[in-house]
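Letter by letter, the chains look like this.
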Amino acid sequence: MGATFRESMGWLHTWSGLVVGLLLFAIFWTGTLCVFDREIDRWMNPSTRLVYAGEPIAIDGLREEAGRLSPRTAPWAIVLPTSRDPALWIGYRGRGGFERTLFDPLTLKPVAPAESWAGTRFFFPFHHTLHLRMWNLGTWLTGLAGVAMMVLCISGVIIHRKIFVDFFTLRRSRQPHRLLLDLHNTTGTLGFVFYFIMSFSGVTILASVYYPSGVWVAFEGGRSGYVRDTYDVFSRPRLNQPGPPLGSLDAMVATAREAWGGLNPGLVRVFHHGDRNSYVEVRPSIEAEVAMRTDPFFFDAATGAVLYRTYIRETSQVQQFLTGLHFAQFRHWTLRWLYFALGLLGCVLIVTGLLFWIESRRKAHAAAGWKGVGFVEGLTVGGTGGMVLATLAFFVANRLLPSGATFMGGARYELEIWVFFAAWVLSFAHGWARRGAAWIDQCWLAAGLCILAVILNAATTGDHVLQAWTDGKLAVAGMDLVLLAGAFAATVTAWRLQHRRQGAASKQFRHHPLEGQSS
Amino acid sequence: MAKAASASSSAPVGAGKVVVRVLAIVFGAYAASAAVVAAGVAGLILAGVNKSDAFTVCSILGFLLYVGLAIWAAAARRLVPMVGTLLFVTAAGTGIGFLPALIGGA
Amino acid sequence: MEAALIVAVLAICYLGFALLALSQDRHWLHLCGERHCPPGIAGSLRVAGYASLAAGLCLALLRDGPGFGSLVWATTLTVASFAVVCTLTWRPHWLRPLALVCQRHAR
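Residue numbers (this note's numbering), protein chains in the order written: chain E, 1 to 519; chain B, 1 to 106; chain A, 1 to 107.
Hints were generated in silico from the structure; no laboratory data involved.
Treat the numbers as computed from the prediction; the structure is a model and nothing was measured.
The beta-carbon is built from N, C-alpha and C at its ideal position, and this holds for glycine as well.
Careful, some of the hints might be misleading.
[Unchecked claim] Which residues of chain E face chain B? A few of them, derived with a C-beta cut under 10 Å, are: (1) Val-151; (2) Trp-216; (3) Tyr-226.
[Claimed, not checked] DSSO-like cross-link-like pairs, simulated, lysine-lysine; straight-line CA separation at most 30 Å: (4) B:Lys-17 x E:Lys-371; (5) E:Lys-363 x E:Lys-109; (6) E:Lys-363 x B:Lys-17.
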């Protein structure tokens, strides 16, 4: 598509960037939020704002409780707390889907249920399914976007004329398209490695979904065969004979911990509870290493004897390293903040790319009477600014809806999600109605929503920044501070854009009295 | 970049050709890479490699192949040979990938 | 110690990129007022710049081991280089002392 290789790459970069840009922004934005998924969980589910600093935990006291809670046929699991996710919970597949019961990790007393899907159950699935479950459509679109991001990275480097000369160049130009291109180029060049590795590791996580061809060739039973063989999963069938009572889970955890060299357990799962063939899986925590380790021990439920120790092959360990560096569930605060910063930089990269497409064509399209620029401008406002507004509306709705609220058959968590999507759709409408001026409106609105969220948090939970900080609820204090920083950034942006717009309008008015309104 | 974009849009290209090329970039390159993954997995397993290893290595490389093929499909001068090559790779890869299973199953 | 080391990694990477930027004519002109960065100086600036980045890697590995350390370094490179870009654009005088030291060495 073009006379030279570079021109074809320009075509590819321009048009694939335009088509997948908004999809990529949605994925990048939710991915950036997911860096702090557990912190968002704490903020949105106040009952889980516990403080846990890694004290040793005895879970034998929960055996009775778990047996009573879960139906006899399904396995149940105890998910152990971490400092980021301090509530211990028992999970099982009940009649109404997956059920969780939360406990205080130190007293083992029940904690009020988490009512919001928040970060780990809303933003995280959105990041890789877009909440389009039909035919796995969202997963395939995300995969396509991931590959497109790699294509965009490479084609972007190829069409960049002076990558080394312009490496540090960001000109404060009065022409918007010049500044946008410089910003797009610098954020793209400087963050290249991060974006490429993130999109690459992102698609490899779901390799068995995206390459069913290879799965069919290699494994009997398709994907379940892949999981069984690759993750070396142990299982044994139910005998349907009552067995001896469940042995000490703490003893099994201690055995596993010693074999792992002191690594904490993350999950203890009991299969066929009460059956003679009942067994227990103990998995390590994913906090300690980059790689997302899944090498569990399997114990006989009654005697606590080791039945099996999973062995993960070296190639799969490489994949688990890629998975772990993408999921960022490790305990490393510096890296967490660096990921957050780079995620935001990626959002800037995508927005400036889209805005450059608009600004570099504005005059030509206006002269030719085309509607393309206006359409894309509204789309960009809704897809980028709207995504931010929808997120903030989601936070505010979470603090405004009373506990146990229902509306038109939707549970409280669903109402929050409806607010999210409603705000998103409205932002598109607003973008098409107001075009360029919509940015200013949306920046003011974002600033207002940020501050409102912080005030509502203090009003409804009493955990204002200072209180949360002194109580050791750093997740809550941190989220409030980030919201305040966001409010500041949005205010400055809105104020600057407004001045620039007024300046441009008055200048135009002086020269071309009739064109003053059209911009 | 602006120059490159305007230069390529100034040369009129038939809409049908653009559609074919876009389909080749998105679906053709994917199909070819998926077929090569199938062939690679089958070949490695025949060579005695563990099947999990074979799948992990081939699928990870498969994504890079997809990216490479997409870029090549966008850059290739002539449309018909490009589409033909992608179709041939898809057919050959599928054949090699699933042949051992067919023979073994028979 | 941990906190000091991460600040050191960030600072040394920032310094490295600032030196690399100075080795380019455009930024040398901007900060030193001379059209060209003298060739001998440009070469040593580049060596010093890359050496600083390598030192950053060593410190990151020392602090966090190979797994986390390499990730910390790779992400810090982006943050530090973007910080240099922002400094050059909005607060170039912050880098003038460094530029003056380099210029004095050039004579």
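Next on the checklist: Does Trp-216 of chain E hold up as a contact with chain B if the rule is Cβ-Cβ below 10 Å?
Outcome noted: holds (7 Å)
Checklist entry - Would the pair Lys-363 of chain E and Lys-17 of chain B pass a check requiring their Cα atoms to be no farther apart than 30 Å? => result Holds - the C-alpha atoms of Lys-17 of chain B and Lys-363 of chain E are around 28 Å apart, at most 30 Å.
Checklist entry - Is the shortest C-beta separation between Tyr-226 of chain E and chain B less than 10 Å? => result Hint on Tyr-226 of chain E: holds, closest Cβ of chain B at ~7 Å, below 10 Å.
Item to check | Hinted pair Lys-363 of chain E and Lys-109 of chain E, Cα distance within 30 Å | outcome: Distance ~66 Å between Lys-363 of chain E and Lys-109 of chain E Cα, so the pair is violated.
Checklist entry - Has the given pair, Lys-17 of chain B with Lys-371 of chain E, been kept, meaning a C-alpha gap of at most 30 Å? => result holds (24 Å)
Item to check | Interface hint status, Val-151 of chain E versus chain B (Cβ within 10 Å) | outcome: Holds. Min distance 5 Å.
Figure legend: structure checked against the earlier numbered hints; the only hint not met is number 5.
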